[in-house]
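Participant: Here are the chains, one letter per residue:
Number of protein chains: 2
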Amino acid sequence: MTSTVDASPFVNSPARALVCRGCGTEFPLAAQHACYECFGPLEVAYDPAALKRVTREEIAGGPPNIWRYASLLPAGQDPATRVTLDPGFTPLVPAPALAREVGLRAPLWVKDDSANPTHSFKDRVVSVALTAARALGFDRYACASTGNLANSVAAHAARAGVPSMVFIPSDLEPGKVITTAVYGGDVVAIDGSYDDVNRLCSELTETDEFESTAFVNVNVRPFYAEGSRTLGYEVAEQLGWRLPKQVVIPMASGELLTKIDKAFAELVEFGLVEAPADGWRVFGAQSAGCNPIALALQEGRDDIIPQKPTGIAKSLNIGDPAAGVYALEAVRRSGGWMAYADDEEIRDAIGLLARTTGIFAETAGGTTVAALRKLVAEGRLDPEAETVVYNTGEGLKTLDAVADRVGPTYRVKPSLRAARDAGLLG
Amino acid sequence: MTSTVDASPFVNSPARALVCRGCGTEFPLAAQHACYECFGPLEVAYDPAALKRVTREEIAGGPPNIWRYASLLPAGQDPATRVTLDPGFTPLVPAPALAREVGLRAPLWVKDDSANPTHSFKDRVVSVALTAARALGFDRYACASTGNLANSVAAHAARAGVPSMVFIPSDLEPGKVITTAVYGGDVVAIDGSYDDVNRLCSELTETDEFESTAFVNVNVRPFYAEGSRTLGYEVAEQLGWRLPKQVVIPMASGELLTKIDKAFAELVEFGLVEAPADGWRVFGAQSAGCNPIALALQEGRDDIIPQKPTGIAKSLNIGDPAAGVYALEAVRRSGGWMAYADDEEIRDAIGLLARTTGIFAETAGGTTVAALRKLVAEGRLDPEAETVVYNTGEGLKTLDAVADRVGPTYRVKPSLRAARDAGLLG
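Protein chains in written order, with full-length UniProt numbering: chain A, 1 to 426; chain B, 1 to 426.
Excised from the complex, chain A in its bound form:
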């Protein structure tokens, strides 16, 4: 599967090549993720004319999921070819009470991607990656995961009836392990960090035994990353085809942030939204236990110094972030900033988001809301500018983070007298 395939799997796709983000060398569309010239990461390049033909009406006429943007994605133009749980078009929730609590005086929205089928934004990237993988002829699905990706790959594989093998660090939250294993595929727990898991998966893709296995975030990573653009398109469409002034995005590999920024730029370029007079500003969130991108920004460096991650925001615990330098670039170019939050701040922010919006986020969402609060307090976010904060996962998967903080406020016997004695009647 490392050989170049002919273009036919992508015949109706606007994608035209893979291009190196480092040196610009182009390669045919295939299962390749690194440049043969400079070892830089590859991304999908499109035929600009094809993308520019897309209209708001065509999108509005599509299904209420990521496939409404099929004309902007590298694979899956024909619905029959999709390997998908039909994720996306998740709620954009107005959050006036949260805005008040963090000190924003302009509209604030939460893009709530916990509403996806396996309750994280990973369903978007997995649907696109596996649809490309099927087109490329792979017959087993795999990934290196901090948890959410494993849930999504295992569930997609089950729906498609294809074998799967997912790789996770062995210290993951039980909720994420069980929610992966229940789908019946292989689950490989690795005694190491996510970065160790990722390295092993890269090695496995080079073996004969894994020749026909698609690792969604390794050998088909360029297709995988493209799915994140839908999180930019949807926000713009849900705002009535306009861009917010500010967005706050969690960072693990940093790729999600770069792709949302790219999606906004594309929408302007394609004429689907007006170019905002003073652009949009992109803000990144990390945890104190894993902040290599945010530290580089705050210290004015261009290089990312790898870390050994710690802390409760496990889904963000990538110590050697593949797209970190691109996230730095996007944030600097847009005039944004990055912040990081410690475990207590993350727990607080999970509660804050839940109380003010009815959305129960996992630790990654808590990290992002905590960063939102800091960025306002530090004057980095303009309190008068419309803001969107991304929640990428579900609180049910990281219950331990809040288990010792919340519980019943009363415990009583089942009688009116007991209720009265407990003070329930005021």
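None of these hints come from the bench; they were simulated from the model. As the structure is a prediction and not an experimental result, all values here were calculated from the model. You may find that some hints are simply not true.
Okay, the calculated bits of chain A under chain B, using three or more residues with CB under 8 Å as the criterion [to be verified]:
1) 192-206
2) 352-358
Once the Cα atoms are required to be at most 20 Å apart in a straight line, the calculated DMTMM-like pairs of lysine to aspartate or glutamate come out as [to be verified]:
3) B/LYS413 with A/ASP78
4) A/LYS413 with B/ASP196
5) A/LYS413 with B/GLU209
6) A/LYS413 with B/ASP171
7) A/LYS413 with B/GLU203
Every residue gets a Cβ at the ideal spot worked out from N, C-alpha and C, and that includes glycine.
Position chain B against the provided structure of chain A, taking the given hints into account.
Facilitator: Relative to the frame of chain A, chain B by itself:
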């Protein structure tokens, strides 16, 4: 709040009265759930002319949630009046592999209501109940719950910025307790069964201190129950405006089953679907630990003998089911049947559903899939007839049910050699 209110909160509603399901006495639309004449339960009665004006086009032009059926609901016609997380329009997932495993040779679909905002079908009934409650002037939201309802009421109240107080049995799954308490409202754990909790809540509604508290499934229950009809409408619309031949539905109070059956009948009556030549058949599912309705059917009785529930399907553990006799009626009238499953069968069915569809259900969903399998094996379900099975909740909330059955299939150190030694390379 027990006094009759004037009709103005429901001025654009097709609802015209509350009517006793026992003796047929009518009452004005208000916070009343039992007949003053015979103590029978009340339900919402509609103006038939108003309902019959609804068209497929009007529905298709609505939002992708329950409010697309606002013209068929008792409250919330004006979007600004809604207290809602915008639940509904959840996926209808084709399940050919599950069909094969249970022995069905016709199309099988899973209506997956774990996709709702708080991941159970309760969001539907809570949105309708609280929208009616707000119209009626209540300023605190409450419920008696086996867990999912508590999650939903607490989340709705948080989004709306209204205080809440939810009542649960103290032995609930931790996932359901934390996911309720995180929203910041009061959570009252009662040392007793759900039926004890429900009885206490009924008593509390009669106190002065709870005069302005809406218990969604007690004093505004008639409105609450109406939300379940959307689970019938959606299936018909998603099938291209036709009815399935067979539906399998979990039973706790039994109300969900009666309302889906009612929704199908309404669609035929309103001319929104063709009347099927030989109707549709309704099947009910309970657990062996709480099967009062199924036992009554199987033993040919008209009365429901209350039970003290046991077993892992806690969200179905209502030993004295309020709508049990109506569920019996609907199943008998339609030519359906009921089955119940023990805890091991429920666990097996959770795994079966996950492996074959990518849907991770809570114990209630496992119960329903286990019942589906039994009903086919026993010849009660026609294996040649199109069937829809309802999954009403999310596996992440009842992880303990499968925690000791599933887990990593391999555990290895992060090296290619370790992977090879573990047998990962075949």
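Participant: Tell me the hint numbers this structure goes against, listed in increasing order.
Facilitator: Number 3 - this is the single hint that the structure violates.
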